[in-house]
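Peer 1: Residue numbers (the UniProt record's numbering), protein chains in the order written: chain L, 1 to 388; chain R, 1 to 388; chain X, 1 to 388; chain F, 1 to 388.
Fair warning: there could be bad hints in the mix.
Where chains are identical, the list cannot tell them apart; a pair therefore holds if satisfied intra-copy or between any two copies.
As the list claims (entries may be wrong) - In silico DSSO-like links for lysine-lysine, alpha-carbon gap of 27 Å or less:
hint: 1; residue 1: K76; residue 2: K164
hint: 2; residue 1: K236; residue 2: K76
hint: 3; residue 1: K76; residue 2: K165
hint: 4; residue 1: K236; residue 2: K165
hint: 5; residue 1: K70; residue 2: K236
hint: 6; residue 1: K169; residue 2: K116
hint: 7; residue 1: K236; residue 2: K169
hint: 8; residue 1: K116; residue 2: K70
hint: 9; residue 1: K236; residue 2: K164
hint: 10; residue 1: K165; residue 2: K70
hint: 11; residue 1: K164; residue 2: K70
Simulated from the structure, these hints should not be mistaken for laboratory data.
Protein chains: 4
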Amino acid sequence: MSSFDQIAPQLEHQAIELPSWAFGNSGTRFRVFPQAGVPRNPEEKIADAAKVNEVTGLAPSVALHIPWDKVDDYDKLGRFAADHGVRLGTINSNTFQDDDYMLGSLTHHDQRVRDKAVAHLYECIEIMNTTGSRDLKIWLADGTNYPGQADIRQRQEWLAEGLKKAYDKLAPQQRLILEYKFFEPAFYHTDVPDWGTSYAHCAALGDQAKVCLDTGHHAPGTNIEFIVAQLLRLGKLGSFDFNSRFYADDDLIVGAADPFQLFRILYEVIRGGGYGPDSEVAFMLDQCHNIEAKIPGQIRSVLNVSEMTARALLVDHDALAAAQNAGDVLAANQILMDAFYTDVRSDLADWRVSRGLPADPMAAYAESGYAEQIAAERIGGSQAGWGA
Amino acid sequence: MSSFDQIAPQLEHQAIELPSWAFGNSGTRFRVFPQAGVPRNPEEKIADAAKVNEVTGLAPSVALHIPWDKVDDYDKLGRFAADHGVRLGTINSNTFQDDDYMLGSLTHHDQRVRDKAVAHLYECIEIMNTTGSRDLKIWLADGTNYPGQADIRQRQEWLAEGLKKAYDKLAPQQRLILEYKFFEPAFYHTDVPDWGTSYAHCAALGDQAKVCLDTGHHAPGTNIEFIVAQLLRLGKLGSFDFNSRFYADDDLIVGAADPFQLFRILYEVIRGGGYGPDSEVAFMLDQCHNIEAKIPGQIRSVLNVSEMTARALLVDHDALAAAQNAGDVLAANQILMDAFYTDVRSDLADWRVSRGLPADPMAAYAESGYAEQIAAERIGGSQAGWGA
Amino acid sequence: MSSFDQIAPQLEHQAIELPSWAFGNSGTRFRVFPQAGVPRNPEEKIADAAKVNEVTGLAPSVALHIPWDKVDDYDKLGRFAADHGVRLGTINSNTFQDDDYMLGSLTHHDQRVRDKAVAHLYECIEIMNTTGSRDLKIWLADGTNYPGQADIRQRQEWLAEGLKKAYDKLAPQQRLILEYKFFEPAFYHTDVPDWGTSYAHCAALGDQAKVCLDTGHHAPGTNIEFIVAQLLRLGKLGSFDFNSRFYADDDLIVGAADPFQLFRILYEVIRGGGYGPDSEVAFMLDQCHNIEAKIPGQIRSVLNVSEMTARALLVDHDALAAAQNAGDVLAANQILMDAFYTDVRSDLADWRVSRGLPADPMAAYAESGYAEQIAAERIGGSQAGWGA
Amino acid sequence: MSSFDQIAPQLEHQAIELPSWAFGNSGTRFRVFPQAGVPRNPEEKIADAAKVNEVTGLAPSVALHIPWDKVDDYDKLGRFAADHGVRLGTINSNTFQDDDYMLGSLTHHDQRVRDKAVAHLYECIEIMNTTGSRDLKIWLADGTNYPGQADIRQRQEWLAEGLKKAYDKLAPQQRLILEYKFFEPAFYHTDVPDWGTSYAHCAALGDQAKVCLDTGHHAPGTNIEFIVAQLLRLGKLGSFDFNSRFYADDDLIVGAADPFQLFRILYEVIRGGGYGPDSEVAFMLDQCHNIEAKIPGQIRSVLNVSEMTARALLVDHDALAAAQNAGDVLAANQILMDAFYTDVRSDLADWRVSRGLPADPMAAYAESGYAEQIAAERIGGSQAGWGA
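I would like the entire structure built from these sequences, with the hints used as guidance.
Peer 2: Here it is, written out as structure tokens:
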């Protein structure tokens, strides 16, 4: 197995984007439990994200959600971010919280609604032009609840048309990232339910269109690392939305539900060239946890990604290839498991210290007084929520 | 196969309780889309439920949710219901929408919160004493999102204690109905996740404790009709919450996702003595549909239950038993399918007419002008929502 | 809704291929229960398949499995089939029952084994040249049981290479049909696990490569009719393997587990142009039932497809489109359900009689004495099994 | 967190029974791949199991399967085992591989078959009386493939009757262990599909009846550790069948698919008093791996259980309870994760050496020459298979 020292240089390439909306209140359909100190505007969200980066060094950028993070002056917002040591990242479109979108957006049967959704994508691209963001991420809530409710075949054509219109507005350095999701909020069919659908549309659009893989958006039992390997092979893995889940789209802390799965995913990312300075794969968290404190929850998640990346980097590729080519099932498996079971936590703590970061970012945050400070300061105004 | 005339007398026993909360706005965590004419108070919910009963003759009672349906004078509410041709039914407790309950209610680690939850159950029983309701239905959102978050073993003891306290307050004719749910809103563990847990607690409590089977609350692939048969055998099937789902707890119209499953469930209900004048099994809808009109959605659901009950009653039991006892797999299956594939819709329409009901309740409702009337009248005030 | 008379002419296009291996013994890993009268060679399998066609008129061709159905003289076998009123159809390759294939075939780490698997595909194509079969169907058992066991990325390259070699041998009128399967017999990863993977390979190969959709080969909850619609849209739906399942790949009688799903699938087939004289989509059964009689099980399956096709043809497209375009969720759903709930069985019986077929094919078979005849005649020799 | 030295004494209580059938050939319905050196009789199976114990010190007993392991003289077999350093353990009944059992055994519609199955259980109990085995384990393949095929309600009564007859034959120190399984080989319904059913029957039978939890026998997403906690609470957890799976009942090496789940299960075992000298919970492997070498696969499995037990013992219970009682979700989770992420492998190697065992049992086995020896010696005769 590789030693930690051997892989340490590669750890420097790690950058995990944080979603601005992760710092607002969120919940289930049963209840959104409010938390103290929750941000009230995009600046406060960015400040919170910057705090995560301050103690981890792993989260240098913040994704925005439009219209949740609409501001009058994006240059100013960008400078605010820079002043806090982070930059603005992916622009996420939202075509699911307006009454018009109840029955769809890009796939709605009414041309007026489809045009409105396309106009929203145009607006997002204009914001990207200002913020310098590379990626427009499109997740659609489009789908139906009942068989017969809509023409699922025709909706694919409308989807292709709408995506094409947005794609054609991209500058050469920009990308359209199409996310897929197995189900929810639609319960019978979803218009982009699987990687195959996202891939087919991206392939038709062109080289600037890529697939977003959200780790929580698959059918039970799906082998996600296979999809990683396949999309990398096809040149179409654009980005990750990391989170974890036991059941549906639970949006739990990355690696909380199945750490070994996270390890396997990261192993295939590395194996397939998706990690490192030459890769254009974007790594982002997308988890809306409900009951735990927001900022520490994000810190824990980026640390989990970092720890698992280290373990995945430790895999002894030569020994693994030799066992695989010998057909030695048990030996090959054991080589992989050896890396997974290696406890990298204290090596990583030392590595962080060597880079001027806290050995224990969770403790550093707790001791920083930031939680108490924002709880005291952010009184009045309306708390940002998931969807506000 | 039996003829429709032979089974018609049995159809008269059908009574499906409607939940008051089905008429308010509801949605997913992504968005609650408001509808025109949605009720603003318990009386308006009852009026809507009564409308369903008026056109179907199948829904003579309305379940209340406390505190959503709290009123000062339950006698008056009961008279209001009676004036509209329905009566008040099951009282549903709610220990999931108060901030105190974020980490549990009857299973919370803090004695104060557990006591508060028990006090709420006492309050519900007092309301039952006034309304004359037989059943206290307890569905708990209790659970955890992360391994280690709580002591799942200890929580079972607290659960048993809390239930015991409520059970001991029941009058002899009252029942405690304990619902189970596979997951959601908790994502790692749920304190009453399966029928076995609900059964074990009800068995410990005594004869007045029964299990509620919600058709949407099972792991993928679960054979629900088996559970029906088992609970009937054990004397512990208290009630049904009917709805349907493709994935998780989608809360779609009964029979919409898998009509054959609904048929099989109703067949086992009848087979096991759960249907008819001698049965104490309660039938209720519990679906919170999001995008279709509220009242017609309920009408469609009770009609679906009615149609499937008719089909299930049509099964030729003697022929089926003969084929089963001969080990003739294909013949036995075909006898069951013959009943399922029989189109009972026009016979049921005639039957409804013979009882002074509309042949087509969906059309009768549409033509009644009620939708337009409530949309016009119910302006101002705040719409009842799921959770309000 | 359309009337039966209106759709009857379209029913004449229905042709469902039967798999030769469905008539042999099959079972689970726990036990294969032998049946009386099971065929001992390809001719007897064809004779049984022909019997299904004789009483249904729906099954004019028989798929072969190589090497299970290897014979010295395929011309002679073709004439035998023709004499029995059927023809030889799809050639199914088998690269999973030789010791060499324990760790893979086209994706095996050993070049020798990969070459052997390609050679087998060549052999199948040569047989196709003799039998006049259009389709080479490739289902691979390739996959791994343990993380790390093999290089799943590299295996995709080997897969692409192997498929390309076979594809290049096809005559212009021949097709390569690549089947996908979620899991089993491999338990960790499968090399062609989903439609997306099959599609990506077929797209790379060219126009003569198409996807086979086996209705039992998906993750729990997958919306199969969506995949039908998508593949038809992409011009890549080559064929169906029909069966049904409650859990994994149960291989039950078509429509037995979820008749409404079968209806929705057939509706999307028709909607997307996959049914009728202009379509090249092939319909095949692929079910290996274990405990029911073989021939009646196949008869029941083709009848189920026939009945559901009739229901799907009955959908009133104009009314449906109108409701969909009005955003009337309940009305649109009801229009679809009206067709599903229509009892077409007696109309179909009359239609069969009008074509010189038995009104009740199940009864006709039972009365034919064929079961007793083959049980008496097929003594000695070794029964064909699934895998022999 | 506890130190390894603190928990080391508790590790000595660990004993994992091995199934004799794990050493024979096994496979899927697609193919059973034979291996060199596979045992040809019960003695050779015991010798192989003893080899696992020799290098691990963790597997002191061997479970037998009747009739697969029937011998004329069980005393002699017991002495053979003792000579090899192990003893005979649980007796597993088999009522699924005789033609009579195609449609059921204890639940068969034919009294004759039910009586035959009961007689088999009697035979097993007689063997137990000779071998001194404590446990009769009953796993039933009983179930149906099609709705209507059998009367699932009545079958519960027959099941109860049959179990009662066997239970009444038990000596006071003997136990009846009833295993449940979600599905397979039956595909529509299983007569003991879930822990609730097994529990209800065991509760009715009496104190000597307990539930067997096979980790591979649950619906997707089931929280198994909850069931562990619940059954321990109810005093009904009799034994474990350990294995792992990604999809259905894959029968992979314990901990191979989801090591964190194994950790959580073992944590609840310890938490609930199921581990240690005062516990009567039996731990057994039950995995029938297909493609990897038999003996090393078993060694790897017992080592995985051992490693995870050590990690679960390391959990700092006081700190965990404090965080739980403070409602600190993230801290509580982290305390659990800290134990999971601790690398115990070298401490365990030292501990083994201190007990006179090899530091690396996998290497010790490989170097022992046993594999080569049995491959050379066990020529001729028929290899034991799963089911033979």
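Peer 1: Taking the hints in turn, state whether each one holds.
Peer 2: These are the hints, each one checked on the structure:
1. Taking identical chains as interchangeable, the C-alpha atoms of K76 and K164 are never at most 27 Å apart, the minima being 31 Å within one chain and 55 Å between chains.
2. For the homomeric pair K236 and K76, neither the shortest alpha-carbon distance inside one copy (33 Å) nor that between copies (50 Å) is at most 27 Å.
3. Taking the shortest Cα distances, K76 and K165 never come within 27 Å of each other, neither inside one copy (29 Å) nor across copies (58 Å).
4. Within a single copy, K236 and K165 get their C-alpha atoms as close as 20 Å, and across copies as close as 25 Å, so both meet the 27 Å cut-off.
5. Taking CA atoms no more than 27 Å apart as the test, K70 paired with K236 passes in neither setting, with 29 Å inside one copy and 42 Å between copies.
6. In this assembly of identical chains, K169 and K116 lie within 27 Å of each other by CA distance solely inside one copy; the values are 16 Å within and 50 Å between copies.
7. Taking identical chains as interchangeable, the C-alpha atoms of K236 and K169 lie at most 27 Å apart only when both belong to the same chain, with a minimum of 20 Å there against 30 Å between chains.
8. With identical chains, the CA atoms of K116 and K70 are at most 27 Å apart within one copy only, with a shortest distance of 17 Å there and 42 Å across copies.
9. Taking the shortest alpha-carbon separations for K236 and K164, both the intra-copy value of 17 Å and the inter-copy value of 22 Å come in at or below 27 Å.
10. Taking identical chains as interchangeable, the C-alpha atoms of K165 and K70 lie at most 27 Å apart only when both belong to the same chain, with a minimum of 22 Å there against 52 Å between chains.
11. Taking identical chains as interchangeable, the C-alpha atoms of K164 and K70 lie at most 27 Å apart only when both belong to the same chain, with a minimum of 24 Å there against 50 Å between chains.
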